[in-house]
Each structure stands twice: as C-alpha cells, then as structure tokens.
Amino acid sequence: MLSNLNLSLFLAYKSITKGNKGTLVLTIFIMSLIFVNLVFTASIFLGLGNTVNNQVINTLYGNVALEPKTDEKYISDVYSLKQKINSVPGITGISAQYVTGAAFSYKDKSGAWAIRSINPDDEITVTTIHNFMIDGEYLSKLDSDEIILGKEIPGGYGGDLEHLSLGGVKVGDSINVLFNNGVSRSFRVKGVFDANFQQSNNIAYISQKEMESVLGLEDKASLILIKTRDLGNEDSYIKQFLELGIKEEIKPWTVYAAMVKNITASFDMIALLIAVIGLFVASVTIFIIIYVNTISKRRQIGILRAIGIEGSVIMHSYILQAMFYAISGTIIGLFIMFFILKPWFIIHPLKFPVGFVSLLIVPEKVMVNTISLIAAALAAGLIPSWMAVRETILEAIWGD
Amino acid sequence: MVKESFTGIEKETLIEIRKLTRIYIMGEVRVPALNNVTFDIKRGEFAAIMGKSGSGKSTLLHQLGLLDVPTSGEIIIDGKNLLNLSESQKAKFRLERFGYVFQEYALLPELTALENVYLPAMALGRRKEEYVKNGTKVLEQVGLGKRLHHRPREMSGGEQQRVAIARALINKPDILFADEPTANLDSASSKQILELFQQLNRDIGLTILMVTHESEDRTYVGRMIWLKDGELAEQGT
Ligand SMILES: Nc1ncnc2c1ncn2[C@@H]1O[C@H](COP(=O)(O)OP(=O)(O)OP(=O)(O)O)[C@@H](O)[C@H]1O
Ligand SMILES: [Mg+2]
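Quick note, the sequences are listed as chains A and B, same order. For the record, in the first sequence the residue sitting at position 126 is 241 according to our numbering, with numbers rising by one throughout. For the record, in the second sequence the residue sitting at position 193 is 236 according to our numbering, with numbers rising by one throughout.
This list has only true hints and no planted wrong ones.
Now the stretches of chain A that chain B is said to cover, found in silico as 3 or more residues with beta-carbon under 8 Å: (1) 118–126; (2) 415–421; (3) 500–513.
Keep in mind that the hints were calculated from the coordinates and are not lab data. Ideal Cβ positions, reconstructed from N, Cα and C, are used throughout, including at glycine.
Excised from the complex, chain A in its bound form (with noise of 0.2 Å):
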C-alpha cells in the first residue's frame, strides 16, 4: 500500500536526518570504504590482468600471430605472406621471427634462453622492446654478430632470477651461443632491455641475416608477429586472413596470454575473498547499526504497533534505512574511485614484475559491487528490523 511506503519512507527519512549524525557520517563511511575496497581489489587486479596483457601483445607476440602449420618447423613464403597480410586494412606492423632454443656461455658461467631473430626495422613496428634498452643499444638492420639481451639473462641487471643469469655480462662483452642444431657462434653484446616482464627478459635477440645463415634458411619464419591498429577485434582479422587463404595457424594474443594466465588466475580468487570478507564487514555493521537501533527503540517500537502501525511498516522504514547506508556507501565510494583513486594512480602506477599497474575500473565490476553492496544491507536491515517487530506488542512495550 502506497500510504504504508509514505509512512515507512516518512519514519526513514526522519530517523536518518534527525537522529545522531556521527553515528550516521561513521557509518557511511564505514560502506564507503567498504565499496572502495571491494572495486580497488577488483580493479588493481584487472589493471594487473590489463598490464600482463599488454605486456603479451608488446612485448612478445602481436595482436595476433602465425605459426607454422602442424606438421611443418617453419613458415614458407614469408616475403609474400606478408604482403599478403599487409593488404588487410587496419595493419601496422609485421615482424617475422626465429625462434629457437640456444646455450649461451660467458667465462664458466651457462644457461640455456630463446633466441628469437629480427629484422629489427619490421620489430620496432610491433613490439615496443627498443623502448626498453638499459644499456647499450638496440639491434640494428647492418649488426651481424651482435646480440641484445633481456635483463634476466646477462647477471646483474637486477632480473629476478639473478642465480640462473651468466653472472655479469657486459655490453661490449662477447659471449658464446651453442644454437639447437649444433652451431656454436660468438657475439658480442649490444644492448640490454628490461621490458618489466619477466617472460619478456629471458628472450636474446639477434639479426634475421645472422640467424639464416645459423639455420641455414631463407624465407622462412618460426612466428610472424602482426600488429593491428585496434584491440579486441582480433576474430575479424582472423577471419580477413583466413579469407585471404592463409593456411598457418594464426592465433590471436589471447591464446598467448592465457599460457601467462597462472600469474594473475589466483588473483581472481584473492579478489573474490576479499569481496566476501568486505560484504560480511558491511552486513555485519548494518546488521550492528540497525540492531541498536531498534533494541533502543523497542518501547517506541511497540507504541507504534499498539496505535495500529502495522510491524512490516516499521520494518520497512528500518531496511530502506540500511539501503540508504548502502547506497550514500556507494555514491561516495564511487567518487573516491573516480575522482581520487583512479586519476592517482594514473600519475603513479604501481610497479609490479610484471610492469607498470595502474587501476583498471570496469563499469560491469562496480555494478555487481555495487548490487551485491545493497544486497548485503537489504539482508542485513531485515533481520533485525524483523525481529523487532516479530514479538507481541506487549512484549516490546513492558518485556526485559
């Protein structure tokens, strides 16, 4: 009955605005910060999701990539497979690499990396590893015998694996490479990047030349890498290239980024805790809040009913003041999240090994917070209010 939500709304209204203010401001405070917790732990997570995936197109395989057809080592055509690749609108790089496992030496130290092959004019169309040099310099088209190394694997760059790096290469440096099929070559170190992936800085490059004349090839490619000008429409260049009758298995950085998922995979479940801790902390004090409330309420509590209130009246008004809580909780949870979290983060990124986080606010996450926030207070105003009004009137006026 419309009068019945007036009245309940009426009492609501009255409690709130005319009852104690600092139990009222500590308390939406209190789902305010709740709120933020529940997206800030969701959203540094996805930003960190976010970054891992970055990381995966810029650092290591594109947009999309090619690899070479399930019976096959190599890639064929490479010259005119990536003409054909460039006539599809929307692409801006291609890079066609080596890939192979090598040992390298330096003094008595060894270890075994990826080496992966550039023609670095084509590789700085896609990835951003030049970006990234610490030291010395990227490869260039002319270099021969000269190799760039990710951090992880000279010693002494600080890499986290510091204990398995050749213990102290420098740029300058020649060390010695043992190549898959047996080939043994020297080179002198040019560079040393540090892309903050750790994925990214067990990688060793060397020059397309250097590398066909290691294998003994031409024309070929282990992995062509294709930026595109947008993320996230993967598929449909996928299905232009297939169009185009392009026969390699192509595989958009998903796929790739799934393989590096077991960083963040156990981050959803931490997320999911925290949400569940920071829902019950929030139930928990309404629950508290709205208790109190009506224990010292509880003579009023039975005037009313005895005057001819009906109970769920009054238990209205008690829920509608939870979800007033919840919902003030989230109006200023979202403003802090907006206004205040995410623009500092932006100025200062957290770093991470896996690169530079910052928060990532997804408008589907801040929703089911949001619902799940509101949900919590609705559960948690019932009981109480509903016990209040659960028993006799006589009860609640004279009872102990």
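Please arrange chain B with the ligands on chain A, whose structure you already have, making use of the hints.
Same frame as chain A, now just chain B with the ligands:
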C-alpha cells in the same frame, strides 16, 4: 448514531465485555489475571478501572484494547466479536477506532510534537494538508498550540504526555484507553491531564477508559470499575 442523553439515563452501549478471562501460563503455574469479567461500556462514559496492584487492571485494558488475546470470552463492538479479527484487521481497528495513552509517553524522539501526532493519520493514508491541519488542531486542544515543532526532549513530561494524548485523538477514536497516564508525572501535571480528559469527555463526548490506582482520581470520572483478584468487585459513580 448517538442517542441523546439529556435525561442522563439512556446511553448507547459501545463495548460489550462478556465473560472475559485471561490466564497467564508460566510453566506449571496458571495465573488467572482476569476471571469471567462481564460489563458494558457506554458511549460517552469516562470510566476508571481501579483496584490494588496485581488486581488485573492492565490486563483488562490490554484485552479491551486488542493488545493481547484473552483466554476466553467476548469483546463485542457493533455486534461483532472483535476477537475473531486477524492480527492485521486488529491493527487497522486499533488505528481507526481506538486511542491509547500509556504510562510512558513513548514518542519518537526524532519527530516533532506535530509529526508524532499526525503519524496515525498518515498511516490511514490521509492527505498531508488534512493531517497537518488536524494534528495542529488536536495539539491546540490539549493546550500545546505553541509546541508544535518541539521535539520530545524539548518538552516536559506532562507536555509529552499531552502530545501522546493528541496522537491518540487524531483519528477521532471511539474510545480512549489510558493505563496510569499520570503515574510518571508530578501532581500539577497529573491534574492537568485529568482535567484534559474530563474536558474531552464533556466537550466532544469522548469515551475514556482509564486505569488508575490513585483513589483521588475518582473525582474526575463518571464511573468506577473495581477489580479484585481479576474479578469485578463493586461498581459505583
Ligand atoms: N505477562 C505476564 N505473565 C504472567 N503473569 C502476568 C503477566 N502480566 C501480568 N501478570 C499477572 O497478572 C496479574 C495482573 O496483572 P496486571 O498487570 O493486570 O495488574 P495491575 O492491576 O495492572 O497492577 P498494577 O497496579 O501494579 O499495574 C498479576 O498477578 C500479574 O503478576
Ligand atoms: Mg498495571
């Protein structure tokens, strides 16, 4: 339809109470707080329920006011036994036709006097202009025309009790129930309340049933209903 009573003899019966019994069960013990009480209340009466502590006065008032469920008996208004009503029908009945004043005034502290008073009218779905107007009127009637916007804590106990009375009057009840309404008040305030009841009874013909154990209150009332051990004792005027 009120029968004229200028002769002072014939008054319309408002409530018929028939063989009303309330037994409290406390574990093994049965406490017969009210035993086979039968009487009528007439429209326009100002009656006091009197008796010693524990004689069943409050119990009787709670049964009549539909705040408790008697063990047996009937309470008949307009030929209907009210005890057959559902809980929510009883609530509606209380809201529309009964007024209550308790020993503790139990006003909502967040509401002003006027808001406390018009709450029951809001619950009946009245329009705002109407309940504000009526609320103001009843507050003036109880002598609080100048306290409309005071909150309970800004008023004396006597004033708060008069706000509670105004709240009881707003829906123009058939009968006002009052359980020791002056017990928490000093003698001056008590006198004011009793005079107010007397005046309401005289001027608007309000039926009042009041529990009291102050025998000096008898000077205000038109009828006394004596209870002794849960049974009706002598009655008098
Ligand atoms: N909820 C209850 N449970 C058990 N016994 C009760 C209950 N309420 C009242 N009684 C008993 O019923 C009897 C009548 O109580 P009641 O409150 O009606 O007396 P009263 O006349 O109003 O007394 P007082 O003047 O002290 O208010 C008493 O013996 C009391 O102990
Ligand atoms: Mg009593």
